[in-house]
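Asks: The residues making up each chain are set out below.
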Amino acid sequence: MSSDYRPAAMPGSGRPASPYWNPYLAGIGLGLVLLAAFVLVGRGLGASGAFSSTVAWLVNLVAPAHAQSNEYLQGYLGDGTTHPLKAWLVFEVLGVMAGALFSGLLAGRARIAVEKGPRVSTALRLLCAFAGGILMAFGAHLARGCTSGQALTGGALLNLGSWAFMLMVFVGGYSVAWFMRWQWR
Amino acid sequence: MAPFYKYGFFGDEMSLVLAFVLGTGFGFFLERAGFGSARKLAAQFYLYDMSVFKVMFTAIVTAMLGVTYLGWLGWLDLSLVYLVPTHLVPQIVGGLVLGVGFVVGGYCPGTSVASLATGRIDGFVYAFGIGAGTLVYAEVFPWIKGFVNSNGMGQVTLPEVFDLPWGLVVFVVVLIAVAGFSAATLVERRFGDKA
Amino acid sequence: MIELLTTRHNPLVDPTLHVWEWQIPVYLFLGGWVAGSMVLTGYLQRQARAPGQSSVSDRLPWIGLVLISLGMGALFLDLEHKLYVWRMYLTLQPLSPMSWGGWILLLVYPVLALGALATLADGALDRWPRLGAFARQLQSHTATRWLSVANIVVGIALGIYTGILLSSLGARPLWASAVLGPLFLVSGLSAGAAFAHVIAPGHEEQEQLLRFDNLFLMTELGLIALFLIGLLTVGAVHAQAAQLLLGGPFTAVFWVLVVGLGILLPLAIQSLTLAGRIPHTVIAPLLVLSGGLALRFVIVFAGQYSEWISP
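So the protein lines, in turn, are chains A, B and C.
Following the working numbering, the numbering of the first sequence begins with 1 at its first residue and continues without gaps.
Following the working numbering, the numbering of the second sequence begins with 1 at its first residue and continues without gaps.
Following the working numbering, the numbering of the third sequence begins with 1 at its first residue and continues without gaps.
Keep in mind that the hints were calculated from the coordinates and are not lab data.
Every value quoted in this text rests on a predicted model; they were computed, and no experiment measured them.
Accuracy of the hints is not assured; some may be wrong.
Claimed, not checked - Chain A is faced by these chain B residues, among others (derived, beta-carbon under 7 Å): (1) Tyr5; (2) Arg39; (3) Phe102; (4) Gly129; (5) Gly133; (6) Phe162; (7) Leu164; (8) Leu168.
As the list claims (entries may be wrong) - Listed next, the stretches of chain C that the computed footprint assigns to chain A, with coverage defined by at least 3 CB atoms under 8 Å from CB atoms of chain A: (9) 258-265; (10) 271-284.
Glycine included, every Cβ here is placed at the ideal spot set by N, Cα and C.
Produce the entire structure from the sequences given, and follow the hints as far as they go.
Replies: Right under this line is the structure:
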């Protein structure tokens, strides 16, 4: 068996959840969307930039003086003539939500749940998720993009930095995998 | 002549609408592949399910071939497609940190969005963590700015670095991908039973 | 002081400045939702029911009372002279939609309140004998018929009024469209149906309301198309106003939040729910409601942005 578990069914659906697509089929779909982004707008897909825009917007709401004096957040606030959330990646991520929700509903996989291995408590899993998110933010900002913005997009464009980045993601992941196995198996 | 946006076929506002439409496709295929689930994603690092590698490389090869052929046909001006500038050392460090974050948290930013949209609480907490991390990063940015911007090599591609023809590099990447797919399937057979 | 005397600097005169903030769109949205709810209540009241069978139309009047009060609260916050509200009701200006609106709202309350009274169960009726006797009369066949007619008529009037209110303000070319009334009515109907199928007690009624909601959402798409085509063909100033939604600063928000997330996605989900492919959840109705709210925000804000200066 290549995948060791099937997604759990949605409550109330009365049907088991559909299995995931063949990875090559999903990959071709993803690749065609990426290609369409290149052809239509001349840029790839991404995600982490949307988080930066959202954070910049929120900080600007709470403490405008602080946000506008912060060198990093400034870049996401723009010149003040347009709303900080009116950014390409924010709208793209909104679409990701809609698309994933639709696919999840259609397959009977959308449900309130925590994804974790059998040996870890929910509280610890959520703590790890939070910590992982913080690490991810640092990694993505240092690398100027995340798995979608750098690895996927830059990978297809044969970008030097993207390939170096992608290799290191796998190196970093495999090097700590053994120490984190209690969380997943 | 593509990219249409760069040639002025439509304006900024329409590009945002397209961002949403493209994002819908992105999210749909991410969820179809199973990438709304941290367990499916983390399995990549425990070798019993290599879907992350397979999906990612299939997508990269598909888009790369598309870009290459459209470029050769003269329909797509590749110089107008945005390329993130390379800063080798910060990107290597960033990749390592991100890889660790991937295994600890179970997602990357894009997949966490797909997971929270399908109701996963850990995906939501993870996205919240990215927000918190971004906030901290913004505060420490003045001190690490020098490092982040070091090693600047500009917009540079693999064919340029190795001084090889574009087509040859594409061919090599396809070969590596195909070899990788077979290897991944073998690895899944070897480690899959231990699940 | 000189600035105040030159009209171009007076923010209440210059049509390019925003006078209305969040209160008006919220009020128009809640008003439309109540309007849709009332029409559906009236329709469902006419359906034959087995004795003791509950219907969502027993719950809607109560919720309508809450929603319209919230809406009036938002409207009240917007008023410059809060103490002079009562003056609206000293006159009926037949040519002023504002005046009509004030009177329609005055009719909404009693119709909703009577509808709510008629749903009281026996326990409550026995506790207050006088009220109980009155409520029992309301539950009679004839009274139910009249109440259903009143719900439908007042509901349609309220729904159309929320759009006409904008159309009548001639200073904004984006609003100068007769489609706005029906558009806001249908949007209100879809919000009402979306909410009603979430709280509907019976499976049959739920399915019926889902079907209605899909029909309303499709009609809304058609009316949006008519609205834009109408503006584009009537003259340069109006075409310029339509450009606000077709390439201008409100394009992305309109097509993504209103059309994409507010109409197309819930329409797809609800159609698949009817086909038995997706279980019934609150997700699609939530999208419909937020889409309806976004529609009011976009139309009110974009309208205030549009002006009578030809391109």
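Asks: Which numbered hints turn out to be false for this structure?
Replies: Hint check: 6, 7, 8 fail, others pass.
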